[in-house]
Amino acid sequence: MAQRKSHTNRRRRVFTLSSALEKRLGAYAGAAAAAGVSVLAIARSAEAKIVYTPANTTILVNGRSIPLDLNHDGITDFSFSNRLRTFTVGASYSLNAEAPAGNAIRGRGSFRGGWRSGPFASAIQPGIKVGPDKSRFGDGPGWLMGYSVKYAVGPSSTFRSFGQWLNTTRYLGLQFLIDGQIHYGWARFTVGLPQNVTDGIPAKLTGYAYETIPNKPILTGQTEGLGADATAAEPATLGRLAQGASAIPSSRCPP
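Under our numbering, think of the first position of the sequence shown as 1, with each following residue one higher.
Since the hints were derived computationally from the structure, they do not count as laboratory data. Only a predicted model underlies this, so the values are computations on that prediction, with no experimental measurement involved.
DSBU-like, lysine-lysine: derived pairs with alpha carbons at most 30 Å apart:
| id | residue 1 | residue 2 |
| --- | --- | --- |
| 1 | Lys49 | Lys134 |
| 2 | Lys204 | Lys134 |
| 3 | Lys204 | Lys49 |
| 4 | Lys134 | Lys216 |
| 5 | Lys129 | Lys216 |
| 6 | Lys129 | Lys49 |
| 7 | Lys49 | Lys216 |
| 8 | Lys204 | Lys129 |
DEER-style ranges, computed between Cβ atoms:
| id | residue 1 | residue 2 | range |
| --- | --- | --- | --- |
| 9 | Thr158 | Lys49 | 42 to 52 Å |
| 10 | Gly180 | Val89 | 42 to 52 Å |
| 11 | Phe159 | Asp73 | 39 to 49 Å |
| 12 | Gln125 | Tyr151 | 25 to 35 Å |
| 13 | Gly127 | Asn71 | 18 to 28 Å |
| 14 | Arg160 | Pro132 | 33 to 43 Å |
| 15 | Ala152 | Asn215 | 46 to 56 Å |
| 16 | Thr86 | Thr223 | 35 to 45 Å |
| 17 | His72 | Arg108 | 25 to 35 Å |
The beta carbon of each residue, even a glycine, is placed where N, CA and C say it ideally should be.
I would like the entire structure built from these sequences, with the hints used as guidance.
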């Protein structure tokens with residue numbers, strides 16, 4: 001009967017990798033490590049979130065100021081008022097935005113006349129980036145969205161208006177603080193024109209949104225997604241890994 005050979009003492013053969021193959025495996029490892037860093041960066045980007053709140057709030061003429069709490073933390077970030085003053089031969093109207101210290105509204109220029117003065121608030125079209133740019137945000141607690149004066153003498157009347165917010169639907173660019181950090185958002189308004197001397201400016205807040213990541217811009221009208229600077233992730237294929245770390249786009253790596 002044949003005796004079975006024992007494998008316990010069999011010597012294992014040692015194979016030596018070629019220098020080319022060793023370099024290729026090193027490239028795989030380096031690219032995988034770079035891809036891992038990129039994935040972490042994409043994960044951090046995915047944490048960004050647009051929080052949108054629909055609204056249908058009329059800003060009543062000579063009514064109470066309308067508070068706006070962008071992130072629903074119980075703190076008023078901005079407020080809006082609609083004022084009408086009548087006089088012997090006409091009336092004046094103003095639509096106003098107010099902000100506490102530390103918050104700001106995008107705007108430029110200023111107005112001074114009659115009983116109302118202040119910096120103008122910009123009426124921004126949809127798809128415009130609102131973000132870190134000190135030159136675009138005005139100073140002071142109050143901003144003027146629209147101001148009108150109407151003089152009525154007999155059957156005729158003269159109407160003058162100032163600001164960008166009369167007879168339009170546009171977005172207000174907002175900068176505000178959450179726990180001491182700057183965030184950006186927008187509020188959408190539909191604004192009309194006074195029809196009679198005793199009418200105010202028809203104005204309605206129809207929605208608002210903000211970006212949850214500090215100092216990250218948002219597009220006016222954006223209601224979802226990863227923010228104004230977000231980019232989509234590319235799958236890491238074996239072919240890309242074989243090309244080494246240089247195949248990973250620089251835009252995927254953390255700043």
